[in-house]
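Here the protein sequences line up with chains A and B, keeping their order.
Just so we're aligned: 320 in my numbering is position 320 of the first sequence, and the numbers increase by one with no gaps anywhere.
Just so we're aligned: 54 in my numbering is position 54 of the second sequence, and the numbers increase by one with no gaps anywhere.
Don't take every hint at face value.
EDC-like cross-link-like pairs, simulated, lysine to aspartate or glutamate; straight-line CA separation at most 20 angstroms [as the list claims (entries may be wrong)]:
| # | chain 1 | residue 1 | chain 2 | residue 2 |
| --- | --- | --- | --- | --- |
| 1 | A | Lys-202 | B | Glu-463 |
| 2 | A | Lys-451 | B | Asp-354 |
| 3 | B | Lys-424 | A | Asp-373 |
| 4 | A | Lys-424 | A | Asp-373 |
| 5 | B | Lys-468 | B | Asp-319 |
| 6 | A | Lys-118 | B | Asp-336 |
| 7 | B | Lys-424 | B | Glu-463 |
I should point out that these hints are in silico values taken from the structure, not numbers from a laboratory.
Protein chains: 2
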Amino acid sequence: MTKTAAIIGGGVIGGGWAARFLLNGWDVRVFDPDPEAERKIGEVLDNARRSLPGLSDVPLPPEGKLSFHADMAEALQGASWIQESVPERLDLKLKVYKGLQEACAPDAIIGSSTSGFKPSELQEGAARPGQIVVTHPFNPVYLLPLIELVTTSENSPEMIDRAKEIMRGLGQFPLHVRKEIDAHIADRFLEAVWREALWLVKDGIATTEEIDEAIRMGFGIRWAQMGLFETYRVAGGEAGMRHFMAQFGPCLKWPWTKLMDVPEFTDELVDMIAEQSDAQSGKRTIRELERIRDNNLVGMMRALKHQDWGAGAVLNQHDKRIKTASMPAHVDEIEDLSQPILTLARAVPLDWTDYNGHMTESRYLEAFANSTDRFMELIGCDADYIANGGSYFTAETHIRHLDETHAGTRIEVRTQMLLGQGKKLHLFHSMYEGDKLLATAESFLLHVDLKTRRPCAPLAEIEAAMAKIAGAQAGLPYPEGAGNSIRRPA
Amino acid sequence: MTKTAAIIGGGVIGGGWAARFLLNGWDVRVFDPDPEAERKIGEVLDNARRSLPGLSDVPLPPEGKLSFHADMAEALQGASWIQESVPERLDLKLKVYKGLQEACAPDAIIGSSTSGFKPSELQEGAARPGQIVVTHPFNPVYLLPLIELVTTSENSPEMIDRAKEIMRGLGQFPLHVRKEIDAHIADRFLEAVWREALWLVKDGIATTEEIDEAIRMGFGIRWAQMGLFETYRVAGGEAGMRHFMAQFGPCLKWPWTKLMDVPEFTDELVDMIAEQSDAQSGKRTIRELERIRDNNLVGMMRALKHQDWGAGAVLNQHDKRIKTASMPAHVDEIEDLSQPILTLARAVPLDWTDYNGHMTESRYLEAFANSTDRFMELIGCDADYIANGGSYFTAETHIRHLDETHAGTRIEVRTQMLLGQGKKLHLFHSMYEGDKLLATAESFLLHVDLKTRRPCAPLAEIEAAMAKIAGAQAGLPYPEGAGNSIRRPA
Numbered sequence: 001m002t003k004t005a006a007i008i009g010g011g012v013i014g015g016g017w018a019a020r021f022l023l024n025g026w027d028v029r030v031f032d033p034d035p036e037a038e039r040k041i042g043e044v045l046d047n048a049r050r051s052l053p054g055l056s057d058v059p060l061p062p063e064g065k066l067s068f069h070a071d072m073a074e075a076l077q078g079a080s081w082i083q084e085s086v087p088e089r090l091d092l093k094l095k096v097y098k099g100l101q102e103a104c105a106p107d108a109i110i111g112s113s114t115s116g117f118k119p120s121e122l123q124e125g126a127a128r129p130g131q132i133v134v135t136h137p138f139n140p141v142y143l144l145p146l147i148e149l150v151t152t153s154e155n156s157p158e159m160i161d162r163a164k165e166i167m168r169g170l171g172q173f174p175l176h177v178r179k180e181i182d183a184h185i186a187d188r189f190l191e192a193v194w195r196e197a198l199w200l201v202k203d204g205i206a207t208t209e210e211i212d213e214a215i216r217m218g219f220g221i222r223w224a225q226m227g228l229f230e231t232y233r234v235a236g237g238e239a240g241m242r243h244f245m246a247q248f249g250p251c252l253k254w255p256w257t258k259l260m261d262v263p264e265f266t267d268e269l270v271d272m273i274a275e276q277s278d279a280q281s282g283k284r285t286i287r288e289l290e291r292i293r294d295n296n297l298v299g300m301m302r303a304l305k306h307q308d309w310g311a312g313a314v315l316n317q318h319d320k321r322i323k324t325a326s327m328p329a330h331v332d333e334i335e336d337l338s339q340p341i342l343t344l345a346r347a348v349p350l351d352w353t354d355y356n357g358h359m360t361e362s363r364y365l366e367a368f369a370n371s372t373d374r375f376m377e378l379i380g381c382d383a384d385y386i387a388n389g390g391s392y393f394t395a396e397t398h399i400r401h402l403d404e405t406h407a408g409t410r411i412e413v414r415t416q417m418l419l420g421q422g423k424k425l426h427l428f429h430s431m432y433e434g435d436k437l438l439a440t441a442e443s444f445l446l447h448v449d450l451k452t453r454r455p456c457a458p459l460a461e462i463e464a465a466m467a468k469i470a471g472a473q474a475g476l477p478y479p480e481g482a483g484n485s486i487r488r489p490a
Numbered sequence: 001m002t003k004t005a006a007i008i009g010g011g012v013i014g015g016g017w018a019a020r021f022l023l024n025g026w027d028v029r030v031f032d033p034d035p036e037a038e039r040k041i042g043e044v045l046d047n048a049r050r051s052l053p054g055l056s057d058v059p060l061p062p063e064g065k066l067s068f069h070a071d072m073a074e075a076l077q078g079a080s081w082i083q084e085s086v087p088e089r090l091d092l093k094l095k096v097y098k099g100l101q102e103a104c105a106p107d108a109i110i111g112s113s114t115s116g117f118k119p120s121e122l123q124e125g126a127a128r129p130g131q132i133v134v135t136h137p138f139n140p141v142y143l144l145p146l147i148e149l150v151t152t153s154e155n156s157p158e159m160i161d162r163a164k165e166i167m168r169g170l171g172q173f174p175l176h177v178r179k180e181i182d183a184h185i186a187d188r189f190l191e192a193v194w195r196e197a198l199w200l201v202k203d204g205i206a207t208t209e210e211i212d213e214a215i216r217m218g219f220g221i222r223w224a225q226m227g228l229f230e231t232y233r234v235a236g237g238e239a240g241m242r243h244f245m246a247q248f249g250p251c252l253k254w255p256w257t258k259l260m261d262v263p264e265f266t267d268e269l270v271d272m273i274a275e276q277s278d279a280q281s282g283k284r285t286i287r288e289l290e291r292i293r294d295n296n297l298v299g300m301m302r303a304l305k306h307q308d309w310g311a312g313a314v315l316n317q318h319d320k321r322i323k324t325a326s327m328p329a330h331v332d333e334i335e336d337l338s339q340p341i342l343t344l345a346r347a348v349p350l351d352w353t354d355y356n357g358h359m360t361e362s363r364y365l366e367a368f369a370n371s372t373d374r375f376m377e378l379i380g381c382d383a384d385y386i387a388n389g390g391s392y393f394t395a396e397t398h399i400r401h402l403d404e405t406h407a408g409t410r411i412e413v414r415t416q417m418l419l420g421q422g423k424k425l426h427l428f429h430s431m432y433e434g435d436k437l438l439a440t441a442e443s444f445l446l447h448v449d450l451k452t453r454r455p456c457a458p459l460a461e462i463e464a465a466m467a468k469i470a471g472a473q474a475g476l477p478y479p480e481g482a483g484n485s486i487r488r489p490a
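Isolated chain A (complex conformation):
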């Protein structure tokens, strides 16, 4: 059954939540008195549709239904999750919760996007305080996995587990903060850096651009994959964390006093920063910067996915969850084997395309190789089988490029087995966008013993699975383009 989320307060944050839910198959009902809400959420959704589906190597569920409601109570109908992202004023939030609790299901979860308030403050005077938690996201909400989940003793363990499970289902990483505190965890660090940055600009030590370079060319890249402590642990070497701390103590060298102080926020300082920021980034519109940011994030997160690390490991877990729920584990589970088998369905990710947005030549082979991996898995040559020492190696591949495709396009590969006998496996993959044939790949593989790296027959279960496919696909014509070669010029 399709689940429903209510989004209370649109904008960049509410819109990001709406995108997470929608693109993961939830229906989304929005309440936001801002007459611009529909346009604003639409813009966030455009960015999300361009970048999020391709992060997954499996197809996300069909998009849910998006609707806008002038009446808050109407927006809440059927909602099992209510995400509040209204402005950061406690009186306003408390008023909103009162309205929400008069109309919503008593077991719905009310998550607040607040970056500053503690959940106990939000629960104050509520009809059902146990229904309210902090679920603080990070912009762009549709890409970054972190959610700070902050709870109080009013929230039941059952409800907290349910909240975590829902966020994981959206591909997020709920970090359960063990004790509530103003600004939770991450924003305390952001504020510390922000304040010191203001000093540096004010004192003429560095411009906004120089500060940004000092971050992104050095520790910023490190922090994308290990945090503060693990990074320092590695820096400390074999002597370990204790050695690192003995070396540095509470201040990395000694207290640099500006850190203690709050800079005066004068008009001059605001002007200075605004002007420097214009000089640094003003040649690009915000829309352009958003897309550059998302291209970068998708590329880096997919690089981390390949390493199964950090945000990349979160993505792999999300894929696995979707795969387990919706895809056959073995050919025996496929009802109709008489047609080419669906071995890949995905959106073309942003990192598979050139600067014009066309899918790059080598990524066609990447998609086809993924199809081969999936075919292997379906006949029983899965991770466990490979760990036991057998696998298939590709000896030869013939690719034909018939049409172009673009970032975000939903592509499918269907695979006909031309031969699967003994050590030999001969596959013909066809890649489609809808009915349009984009490319084909004919691959010849050999089963190998991973120790000797030499060809050998696979285990009997795999031969049996291949025989089953061979029987079922016997009626298929030999595909057009199979057996092709590039002709020798006359």
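Model the placement of chain B on the given structure of chain A, informed by the hints.
Leaving out everything else, chain B in the frame of chain A:
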């Protein structure tokens, strides 16, 4: 002529500098009284050789010579760059500089890796203060591009420019800090975060692992590509930076007071952190963590390279510099065209391999596609030509996998043109590791009008270049494996 760098003080930082110089073709002479120095630098070099060469898409120059010297004056012989990375004690550093200046060339640059001292402090009492600058790197020095270059009025503009040019030649990003200040720029931010993190652990708000997750799952990934100000500019939306600041002011919401204070560094706090860090990261050795970190960094930096952004743009500029200096721009500059043309020489990067370190199937096509691009460039179908509306599209490719290769391996591709006439281009690429043939790719391409996306003849200059190659390569045998197809099973 090979240039020489002297490394004064080995360890993780000195070793990282040694690797940067060596792998970019400099001879490196090390002075470090630590009897373990050779082993320690060797370990850093192992990591660097594994990760750095593959970052480049062009071949780095041949590695320089590494030598260790028991006498500091001997280590300085012929050195035009001297990098000091001794422990952070001012008296020690001043003593080292005195010794250095007695023996080194007066125009050599002495760069200090200090993270805390100002250059004016380091120049105090020096024979030639103008020779000393701060060049503060970030660990791992062989991968991260940032160098904080801090100078004083004692340093001549000529010397500062020369220092920048040398660092760019090492693939680094020198950030010239305009006013000296304790801890320069980046470490002031690191200290602010470190101090706040200690409070969070001490007060039981979060463990080291939770803090690391709060960083890497959220703002850490953002900061790998845009810094603080550009990120907030985007968050502020079309209203811009001024709007963002009006919303937040000097504190992101309001001052969270712990930021003001230095935590007491008790034994209890040290124990707590060491134990939490063990629980978080103790199941892996430092060596394993270093390799994971480097795999992640290489993958992310190469993703940014694809976007030509941030650290990735620095890598592209480094490649371009090497290319301009050492590679022909056009076939007319190649002396012997009678043999297959060198179209790719590179180290297999860490992101091209599977978890066993074998090069992944689709990356063979990526290498071959790069060879095709390079061949196109050599016949005049370069970036300018493509911007003017013509290019080649691959219609068909036949790949044969003959042997395996691994991360870090130096591979070469040589290309025979089988046909280059009118709109048709038929290439045969052979990939080698030394003399061992790893794979071949036969590609058939069509010249297209990028507007209509339809085949058409190229400009005359390109036809002429192809005719020249055809004439020169006419004596080559038709390559074995060309024209192959995968046979239809009987």
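Hints and how they fare:
no.	hint	in the structure
1	A:Lys-202 x B:Glu-463	60 angstroms, violated
2	A:Lys-451 x B:Asp-354	16 angstroms, holds
3	B:Lys-424 x A:Asp-373	34 angstroms, violated
4	A:Lys-424 x A:Asp-373	15 angstroms, holds
5	B:Lys-468 x B:Asp-319	28 angstroms, violated
6	A:Lys-118 x B:Asp-336	73 angstroms, violated
7	B:Lys-424 x B:Glu-463	10 angstroms, holds
Against the hints set out earlier in the document, violations occur for numbers 1, 3, 5 and 6.
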